[in-house]
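Residue strings, one per chain:
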Amino acid sequence: MSQRTTFPEDMRCVVLIGIDFDGPSHEVGRGIAPLGKHSWGSYSARCGVPRHMDMLASHGIKGTFFIPGYDAERHPRTIEQIDRNGFEVAAHGYLHEAWELGAEEEETLLRKTDRILRDVVGKPVLGWRSPSGRKSDRTMAVLKSMGYVYDSSDKDYDRPYRLRFGKGRDDVIVELPNNTYSLDDFPFYKFSYTPPSEVLGQWKAEFDAIYGVDRFFVFSLHPRSGWGSGTPSRTRILSDLIAYMKGHDGVQFMDYRSFAQWCLQHRDNLEEVSFA
Amino acid sequence: MKPYTWPQGARAVVLLTVNFDAESFDLKETAPDRLFGRYSYGRYAVRAGFPRLLALFAKHGLPATFFVPGADARRHPDLVRELAANGHEIAARGVDLENFATLGDKETEVLETSRAILADITGTAPMGFRAPGGELSSRTLGHLADLGFIYDATFQDADHPYVYGLGGERKIVELPSTFALDDGPIYAARHTHARLLAIWRDEIQAMHAEGTLIPITLHLRGDFGSTRAARIAILDTLLTELKQLAGVRFMTCGQLAGHVLSLNLPTEPDPYLAHAETLAKTVYRGDLAVRPL
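Chains as they are written, first to last, in the numbering used here: chain A, 1 to 276; chain B, 1001 to 1293.
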């Protein structure tokens, strides 16, 4: 039951490109008007999301946009376009809550964002990534009750696994762990001001280390300006990275929901970890 | 991405902008009689930085836009006149590097004063404004339009200029910039000039390839500015490379704002209104920012 997660031989590396929309919700949720230098979030809908969609389409690959409900309310046309272009719309908080929430408030906001996204795209939402990585011992149960099949917030492993959050037969959700230190744009562009060409080298090295070993590359990117990757130079290196990955055998680019479905269909491949 | 209409078939437009920020910056921290030691990097701006940067622009024959705090202009009127005589544009930046997000009712007065100081020195009222520290209030754009300013250059949310509609006939051109092409944050993080060169080459090449605005922001200061000898050399290299790119047009902010107005673009809504209701009931959590260990 608790053997390590394994991939079939021909699946040399699964690449999940996750783009956290992070519009003005990021500032507004903290009580900051999105004006002047605080306007990076407005870049997402205006420039970053279209540029990322164009870039992914040019490679013919899928990806997932994790979207705060507040941003979806203000940019419904952009969210529709994401869905219409064949990309996945998933949840990412309401006001990008980067603080602890009470149990009741947490559930209210999870349901509120789910309703907003579902209403815009007219189909169920299947996954969630925590804004800021905070979650509680109740979060998974609420997601599961809304029909979600995966979470992509935990940082505790290099491979996907079945996260058991309760004693019940169905109290299990697919966990697609991410990390916001090395496979995320924000540390390089906010803290270290690393030149994009150097970030490209960094991520190629990350991919080399993962390819054929843990075989699971999970990205957390942002289409905003400032510390995000929506701008020309930073989208260009993402495109270069994807071209590099495509040069390797057995690399599969999937959206998160498709890979989570694969996990559900191949449950014997997945390690199960219990936090019940 | 939608193509943008640059003047006369230019492929990309470069804005060389300079935040003058001399003693006014140090005076945020200390008293006028204590501008010594660590508080003299602003004096470096006017003693060493200013002539060096002006000589570089002259060598390349390029026009720049200087955003000059009113108090610095009062202290150095000859330098402001020298800028104007060399074909550079002079634009407003408050009087004492005020934080416009918290100025309240004094905003109009500060804007009027800064405008009058620059107009008195150069004989021409400034057309544009860039907020100190990048901070604006919900009312700043409206005040700028009311006072006759044509553009703001504070936002960081677009690849191209655009126009805000502020109700009635009021509008203001926005010339967005980016921290990625601002020497301040990079040198303030104590990076080498080699690293700045690497970042800016990446940025400029990709922006040129896509035909976006290439908004460069410089500072005159001796700490986080570009005027030390080795840093000026980097800038010299970058300007030389920039001029060799196909179809690049260097403009002042005022020239570009005039071009943008001539396009009669549909306006963007006031950037505060969509968030006013939520902000009114949201507590300040600005200190949540993730910091290094």
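FYI, nobody ran anything at the bench for these hints, they're computed from the structure.
Hints are not guaranteed to be accurate.
[As the list claims (entries may be wrong)] DSS-like, lysine-lysine: derived pairs with alpha carbons at most 25 Å apart:
hint: 1; chain 1: A; residue 1: Lys190; chain 2: A; residue 2: Lys167
hint: 2; chain 1: B; residue 1: Lys1171; chain 2: A; residue 2: Lys135
hint: 3; chain 1: A; residue 1: Lys204; chain 2: A; residue 2: Lys167
hint: 4; chain 1: A; residue 1: Lys144; chain 2: A; residue 2: Lys112
hint: 5; chain 1: A; residue 1: Lys155; chain 2: A; residue 2: Lys190
hint: 6; chain 1: A; residue 1: Lys190; chain 2: A; residue 2: Lys37
hint: 7; chain 1: A; residue 1: Lys135; chain 2: A; residue 2: Lys112
hint: 8; chain 1: A; residue 1: Lys123; chain 2: A; residue 2: Lys144
hint: 9; chain 1: B; residue 1: Lys1281; chain 2: A; residue 2: Lys37
hint: 10; chain 1: A; residue 1: Lys204; chain 2: A; residue 2: Lys190
hint: 11; chain 1: B; residue 1: Lys1171; chain 2: A; residue 2: Lys112
hint: 12; chain 1: A; residue 1: Lys37; chain 2: B; residue 2: Lys1243
hint: 13; chain 1: B; residue 1: Lys1028; chain 2: A; residue 2: Lys37
hint: 14; chain 1: A; residue 1: Lys246; chain 2: A; residue 2: Lys204
hint: 15; chain 1: B; residue 1: Lys1171; chain 2: B; residue 2: Lys1281
hint: 16; chain 1: B; residue 1: Lys1243; chain 2: B; residue 2: Lys1059
hint: 17; chain 1: A; residue 1: Lys155; chain 2: A; residue 2: Lys144
hint: 18; chain 1: B; residue 1: Lys1059; chain 2: A; residue 2: Lys37
[Said to hold, decoys possible] Partial pick of chain B residues on the chain A-facing surface, computed with a CB cut under 7 Å:
hint: 19; residue: Ala1158
hint: 20; residue: Ala1194
hint: 21; residue: Ala1206
Note that CB positions come from ideal geometry on N, CA and C, so glycine has one too.
Okay, the hints, checked on the actual structure:
The suggested pairing of Lys190 of chain A with Lys167 of chain A is violated, with an alpha-carbon distance near 41 Å, which exceeds 25 Å. Restraint check for Lys1171 of chain B and Lys135 of chain A: not satisfied, since their Cα atoms lie roughly 44 Å apart, outside the 25 Å limit. Proximity of Lys204 of chain A to Lys167 of chain A is assessed by CA-CA distance (about 41 Å); at most 25 Å being required, the pair is judged violated. Between Lys144 of chain A and Lys112 of chain A, the direct Cα distance comes to roughly 15 Å. Compliance with the 25 Å bound is thereby established for this hinted pair.
Between the alpha carbons of Lys155 of chain A and Lys190 of chain A the distance comes to roughly 20 Å, so the proposed pair stays at or under 25 Å and holds. Distance restraint check for Lys190 of chain A and Lys37 of chain A: the Cα-Cα separation of roughly 14 Å lies within the 25 Å cut-off, and the hinted pair is therefore satisfied. A hinted pair counts as satisfied when its Cα atoms are at most 25 Å apart, and Lys135 of chain A with Lys112 of chain A qualifies at roughly 17 Å. The hinted pair formed by Lys123 of chain A and Lys144 of chain A meets the criterion: a straight-line CA distance of about 16 Å does not exceed 25 Å.
A hinted pair counts as satisfied when its Cα atoms are at most 25 Å apart, and Lys1281 of chain B with Lys37 of chain A qualifies at roughly 22 Å. At roughly 20 Å between alpha-carbon atoms, Lys204 of chain A and Lys190 of chain A fall within 25 Å of each other, so this suggested pair holds. Distance restraint check for Lys1171 of chain B and Lys112 of chain A: the Cα-Cα separation of roughly 36 Å exceeds the 25 Å cut-off, and the hinted pair is therefore not satisfied. This hinted pair does not check out: Lys37 of chain A and Lys1243 of chain B have alpha carbons roughly 28 Å apart, beyond 25 Å.
Restraint check: the Cα-Cα separation between Lys1028 of chain B and Lys37 of chain A comes to about 20 Å, which is no more than 25 Å; the hinted pair holds. At roughly 12 Å between alpha-carbon atoms, Lys246 of chain A and Lys204 of chain A fall within 25 Å of each other, so this suggested pair holds. With a C-alpha separation of about 28 Å, the suggested pairing of Lys1171 of chain B with Lys1281 of chain B is violated against the 25 Å cut-off. For the suggested pair Lys1243 of chain B and Lys1059 of chain B, the alpha carbons sit about 12 Å apart, so the restraint of at most 25 Å is met.
For the hint pairing Lys155 of chain A with Lys144 of chain A, the CA-to-CA distance comes to about 20 Å; that is within 25 Å, so the pair holds. Proposed proximity of Lys1059 of chain B and Lys37 of chain A is contradicted: the alpha carbons are some 32 Å apart, above 25 Å. Interface hint status for Ala1158 of chain B: upheld, as the beta-carbon distance to the closest one in chain A is roughly 6 Å, under 7 Å. At a threshold of 7 Å, the smallest CB-CB gap from Ala1194 of chain B to chain A is about 10 Å, leaving the interface hint violated.
A distance limit of 7 Å between C-beta atoms decides the matter here; for Ala1206 of chain B the minimum to chain A is near 4 Å, and the interface restraint holds.
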